[in-house]
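Student: Here is how the chains run, residue by residue.
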Amino acid sequence: NAGVIQTPRHKVTGKGQEATLWCEPISGHSAVFWYRQTIVQGLEFLTYFRNQAPIDDSGMPKERFSAQMPNQSHSTLKIQSTQPQDSAVYLCASSLDLGLGRDTQYFGPGTRLLVL
Amino acid sequence: QQKVQQSPESLSVPEGGMASLNCTSSDRNFQYFWWYRQHSGEGPKALMSIFSDGDKKEGRFTAHLNKASLHVSLHIRDSQPSDSALYFCAVSVNTGNYKYVFGAGTRLKVIA
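Just so you know, the protein sequences line up as chains A and B, in that order.
The working numbering applies: residue 1 is where the first sequence begins, and numbers increase by one.
The working numbering applies: residue 1001 is where the second sequence begins, and numbers increase by one.
Just so you know, these hints were derived from the structure itself, not from any lab.
Mixed in with the good hints, there may be bad ones.
[As the list claims (entries may be wrong)] Derived list of chain B stretches under chain A, where covered just means 3 residues or more per stretch with a C-beta under 8 Å from a C-beta of chain A:
1. 1024-1035
2. 1052-1063
3. 1093-1107
[As the list claims (entries may be wrong)] Here are the computed lysine-lysine pairs in the DSSO-like style, where the Cα-Cα straight-line distance is at most 30 Å:
4. 78(A) - 62(A)
5. 1067(B) - 1003(B)
6. 1003(B) - 78(A)
7. 1067(B) - 1109(B)
8. 78(A) - 15(A)
9. 1003(B) - 62(A)
10. 1003(B) - 1056(B)
11. 78(A) - 1045(B)
12. 1045(B) - 1067(B)
13. 1056(B) - 1109(B)
14. 1045(B) - 1056(B)
15. 11(A) - 1056(B)
[Said to hold, decoys possible] Far from chain A by the CB rule (all over 12 Å, computed), these chain B residues:
16. 1015
17. 1016
18. 1067
19. 1073
20. 1077
C-beta: ideal position from N, C-alpha, C; glycine also.
Bound conformation, chain B alone (with noise of 0.2 Å):
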């Protein structure tokens, strides 16, 4: 059964601080990585996905994919407030049809 690790499983940081977010895969077969957000209230939603080994940089927010070591980390520089969330990873995995595996989440407080 398709696995993905998510650390730590909580994270405090002060605003304007930096924030990293771990995920491990535990299938080779995967496609895609993604970080999903999810505010209370809310539903999750998406905020980048990433294929390429490297970093993908949007705004505030960086991944960084190893594809060897099958793990994606997310950095948030310059928290904020706002930023304070239930951060999941997933990934999809080639089974035949492909499922898409989400982590148990990093729950993220930004201290003002």
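If we strip away everything but chain A, and leave its shape as in the complex, we get (with noise of 0.2 Å):
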């Protein structure tokens, strides 16, 4: 099981630049979460798929940013228009979707996005 996969690991944007975010969730894993994680933020919530529908996207930026999850092997956060406040490590994680809160995530190594 090599868990979830997420590329490219590092990415370098210019200002105003497009940036598309890759994850492959753990085969079996019906849920998908997104959070960006920041030094002065911390670890934030953006979004969540269960079987490749959206459920939860409370904590996604209202411009800019977008999540899909077209088949149940990958899921994509997409930055239109990247502005240097996006720099972050972009975080995805997925879960058996237990029900009940009681799903434990496996998160994968993160994305850094540097946004120049």
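Hey, can you piece these two chains together into the complex? The hints should help.
Tutor: Structure representation (structure tokens):
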């Protein structure tokens, strides 16, 4: 079991460019989460999919950020017109979706995004 | 808005010593608490979850939950330099759908 795979591990973009981050959840896991981690804000929840359907995107910035899960084997987080304040480590996690708040999340290594 | 408060922000203990970390939820609708550990350059990794009042022990790690005070602690005995990491407390909260809320973390340094 390779664990949660995130690509790329590092990405540098210029201000105003688009960044697409990829996540491959653990096989058999039906829940996928995206988080953003910075020194100042800590670990911030962005969005959550269950069986590929978006369930909760309450943490997503309303503009420029979007997430999709086109199939059970990968999810993408897209940031349009990147800004320096988007610089962070973006973490993807997956879980079995046992329900009733019992899910242990398995995190990938993260994608470190730097916007110059 | 659900909050999870962790203390202390940082902690240094000598090798072989006991490290104690604390976490409090602001929401009584919690279901489970987790402790996660994150080493530099890696994603967080779950150490243990706890649901029932009392202690839960896994190796050198013991979690203690007091539901009445919404408080959970993590005690690491015989701390090792490899335990140096960022420790997160997380809680699942029933809001209709379950939300998983993470604290800001406690940075532990074990000094050899």
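Student: May I ask you to check that residue 1077(B) keeps its beta-carbon over 12 Å from the closest beta-carbon of chain A?
Tutor: 23 Å, holds
Student: Beyond 12 Å from every Cβ of chain A: is that where the Cβ of residue 1073(B) lies?
Tutor: 19 Å, holds
Student: Taking 8 Å as the C-beta cutoff, is the stated coverage of the stretch 1024-1035 of chain B by chain A satisfied by three or more residues?
Tutor: Our answer is that it holds, as 4 residues pass the Cβ test (under 8 Å) against chain A, meeting three.
Student: Taking only the CA atoms, is the gap from residue 78(A) to residue 62(A) under or equal to 30 Å?
Tutor: 12 Å, holds
Student: Hey, is residue 1016(B) genuinely clear of chain A, shortest beta carbon separation above 12 Å?
Tutor: 29 Å, holds
Student: Could you grab the alpha-carbon distance between residue 1003(B) and residue 78(A) and see if it respects the 30 Å cut-off?
Tutor: 27 Å, holds
Student: Run the distance test for residue 1003(B) versus residue 1056(B): straight-line Cα separation, threshold 30 Å.
Tutor: 23 Å, holds
Student: Sort out whether residue 1003(B) lies within 30 Å of residue 1067(B), counting only the CA atoms.
Tutor: Given that 30 Å is the threshold and the Cα spacing comes to 16 Å, the pair holds.
Student: Mind checking the alpha carbons of residue 78(A) and residue 1045(B) for me, to see if they're no more than 30 Å apart?
Tutor: Holds, because 25 Å separates the two Cα atoms, which is no more than 30 Å.
Student: Has the stretch 1093-1107 of chain B got at least three residues whose CB is nearer than 8 Å to a CB belonging to chain A?
Tutor: holds (count 11)
Student: Tell me if the straight-line CA distance from residue 1045(B) to residue 1056(B) falls inside 30 Å.
Tutor: 18 Å, holds
Student: Going straight from one Cα to the other, do residue 1045(B) and residue 1067(B) come out at no more than 30 Å?
Tutor: 24 Å, holds
The structure shown violates the earlier hints numbered 2, 15.
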